[in-house]
Every structure is written in C-alpha cells, then in structure tokens.
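Based on the provided sequences and hints, a complete structural model is requested.
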Amino acid sequence: MIDQLTPREILDKLVSFPTVSSDTNLPLIAWVQEYLDGHGIATHRHPHETHPEKAGLFAHVGPMIEGAVVLSGHTDVVPVKGQAWSTDPFEVVEKDGKLFGRGTCDMKGFDALAIWALVEAQKRGVLRPLQLALSYDEEIGCTGATPLINSVEGIFPQGSAVIVGEPSMMGAVTGHKGGTGFHVHVRGFEVHSSLMHTGVNAIMYGAKLIDWANEMNAENMARAPRDVDAIFEPPWTTVHVGTISGGTAHNITALDCHFGLDFRFVPGDSANEWMAKARSKAGEIQAEMRAVVPDTRIEMAEFFGVPALVPEADGEAEAIVRRLTGDNATRVVSYGTEAGHFQNAGYSAVICGPGDIAQAHQPDEFLSVAQFEAGQRFMQALLEELSA
Numbered sequence: 001m002i003d004q005l006t007p008r009e010i011l012d013k014l015v016s017f018p019t020v021s022s023d024t025n026l027p028l029i030a031w032v033q034e035y036l037d038g039h040g041i042a043t044h045r046h047p048h049e050t051h052p053e054k055a056g057l058f059a060h061v062g063p064m065i066e067g068a069v070v071l072s073g074h075t076d077v078v079p080v081k082g083q084a085w086s087t088d089p090f091e092v093v094e095k096d097g098k099l100f101g102r103g104t105c106d107m108k109g110f111d112a113l114a115i116w117a118l119v120e121a122q123k124r125g126v127l128r129p130l131q132l133a134l135s136y137d138e139e140i141g142c143t144g145a146t147p148l149i150n151s152v153e154g155i156f157p158q159g160s161a162v163i164v165g166e167p168s169m170m171g172a173v174t175g176h177k178g179g180t181g182f183h184v185h186v187r188g189f190e191v192h193s194s195l196m197h198t199g200v201n202a203i204m205y206g207a208k209l210i211d212w213a214n215e216m217n218a219e220n221m222a223r224a225p226r227d228v229d230a231i232f233e234p235p236w237t238t239v240h241v242g243t244i245s246g247g248t249a250h251n252i253t254a255l256d257c258h259f260g261l262d263f264r265f266v267p268g269d270s271a272n273e274w275m276a277k278a279r280s281k282a283g284e285i286q287a288e289m290r291a292v293v294p295d296t297r298i299e300m301a302e303f304f305g306v307p308a309l310v311p312e313a314d315g316e317a318e319a320i321v322r323r324l325t326g327d328n329a330t331r332v333v334s335y336g337t338e339a340g341h342f343q344n345a346g347y348s349a350v351i352c353g354p355g356d357i358a359q360a361h362q363p364d365e366f367l368s369v370a371q372f373e374a375g376q377r378f379m380q381a382l383l384e385e386l387s388a
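Numbering (our numbering), first residue to last: 1 to 388.
Among these hints, one or two may not hold up.
Stated by the list, open to error - Restraint ranges, calculated between C-beta atoms of paired labels, are given here: (1) 248 to 30: 42 to 48 Å; (2) 30 to 183: 30 to 36 Å; (3) 127 to 227: 36 to 42 Å; (4) 234 to 34: 41 to 47 Å; (5) 363 to 291: 45 to 51 Å; (6) 283 to 63: 53 to 59 Å.
Unchecked claim - Simulated crosslink set (DSS-like; lysine-lysine; CA at most 27 Å straight-line): (7) 81 to 98; (8) 13 to 98; (9) 123 to 13; (10) 208 to 277; (11) 81 to 95; (12) 13 to 81.
Because the hints were derived from the structure by calculation, they are not lab data.
For glycine and all other residues, C-beta sits at the position ideal for the given N, C-alpha and C.
Next up, the structure:
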C-alpha cells in the first residue's frame, strides 16, 4: 500500500505532465495507474489503436455489479504556445485564492478529485460501485471517449450514471449541442489571372461553400426553435469556418484552398443530415468547376463527431447531482463534451465539475480554491451516498 495523496497533491502531479493533445499522455496514465494499483484498485488501460503514445484508463471500486456511478474526465489539455503566461503553465501556483496552471480548470481539477474519491471509496468499502474514466484527445474532437467506453465491455460491469466533470461551477448541466466538421480541400487549376475564365480558382470556388454556410446560418436563425432547442444559446444549428489558406500569388488562380467547416447542432437536428447537406452543396460547386476544367475537385474529410447531450426525463445522473448539490437550475451549453458519447452508449449522463468554463484554454488558466473545495465536498457527499 502506498501513501494516500490529498486532492491538491494529486492536482500538482497531474498538471506537471504536459499532456497537450498533440503529445503523449502515457506518463500521466502510467502514474495514475500505478497510484491506483498501489491502493488495490482494479484498472484497465486502453491504448490508442493507431497512436501508441496515447491511452485511456478505466478503473473500478466496489462490488463487481452493474450500476456504478462513473466519474469521467479527459487527460489532454490545449497548447500553451503563443500564450502570455505569468507562471509556469505546468506547475500549480496558488495566488489570491486561485490555482494557476494549464488544465487546473479544464479539467485536471476534476480528475484529481475523482482519483482521490476512488481511493477513498476503496478505503470505505462502498456498497454501490464507483468507476473512473480518463480519456485522451477530448480537446481535438472527443475522439478518445467511445473507444475507451467500448474497451471495458466484459472487463468491468457497466455503470449506469456518468458525471462528466467539465467546469460548470458545480452546477448541473443537462444538455449540450453536438458537433461535427470537415477538413475541406478545394483543388483548382492554375492559370494567369488575366485568363481566369480558363482556370479554376480554388479560393473563389471554396468561397461559394463558405457563403452557403452564411446562408444556412441566416435560415436557421430565422426559423422558430423547436422544443428543447429553445433553451440553447443560440437556439439553432450553427455552421462555421474558422481558418482558411490557399493560393500561390495574387496573379495566379489559386490551385488549392483548405479550410475547416464545422457544425454545432441542436439536439433536434441530425448530424448526418447536415453532413449530407454540405456534401450535396460541395457536389454542386464541384460540377461547376469541372465544367471549366474536368480534373478539379472538392474533397471533404470528416475530422470529428460529438453527439449532442439530450436532456433526460427523470435522468439518474441529473438526479444524483441535484440531490448532492441542491442545484435546481436549468442549464445547457453550446460546447460539446464526452457526455453525449456516454449517453449514446446507454448511460445516463450529466455535466458537473469545478471551475468556470470562461477560464478554459486561456493564458493563466486557473481554478479557484473555493471551487476546488466545493468539488471535494461533492465527492465526499457522493461517497456517503455510495456507502449507505
């Protein structure tokens, strides 16, 4: 048996691992697994299928029966490059009642509390099982959640209620938008711009697809929201282009144009339908291009897919959080989380974690000490309930 660490000591350790999504998370996963193993807790490591430098971790405490409460967090963080930090981003610095460091808020603060709670649950001998799910690549499309969920089938009994600890100021968030997107590559044909009618300008044809996004946003905004969609801000599906690149010189029709096209869709909309609409429009534009030069094209590669979290009628996970926090407010968010993946896999899911989402991804990211302490009180209340 190894020494038990406090939540703050665990947080310090987790933040010290620079688990930017583009880099490995294995040292963090190895440390957590060794720590839990040292307390006699059953763990399962799931390696990334194609990138062996990444892995997820599942752990189980309590009787080997179905119906566990699952504490879900991600291990990756966004980059710090180019941000003006006043402290070392990979060291927790406490100042003015705040814990500064990359990931303290999003979401290693919750991860630390969840790891602490698992060890406490093992000590107490909880009657209802408690599980921990730590994923990879959440920040680049929530791609690590589904493989991790699937990997524990037949290893641990399936849980029933999932608490995803994204920062929510310890309030219950019961719904979020879904998301999906494409990497778009428009391949044109270069000619001198004085003869542009004989070439295919990839940027200008790409702009037609981008303008379609503007048209869709205008249509969606004008449409009366349906049922649950009305509680979101904004209450419609949005179509967005955030980056674009292409072209060789001002006097040459652009050979290539690259941009990202993504959707944040309300629960009442279908991701598949929106993807089909985009592909259909791209097909129309491609036909125009090929009428000028046949060997031109528009390629669209899906690069992430996050299902919406749909508010549940009498949801078990929501009921647990409301019972333990006393929070009765209605909250939904427009960003995506791994909660939708758990819900699609048959779990009841809710979002509840310490910290303010406004601090996520920012230079000098911080988690207030008060929120960290509130998170620990929540875990203590959860342990009491699981032990009753």
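Numbers of unmet hints, in rising order: As far as the earlier hints go, not one is violated by this structure.
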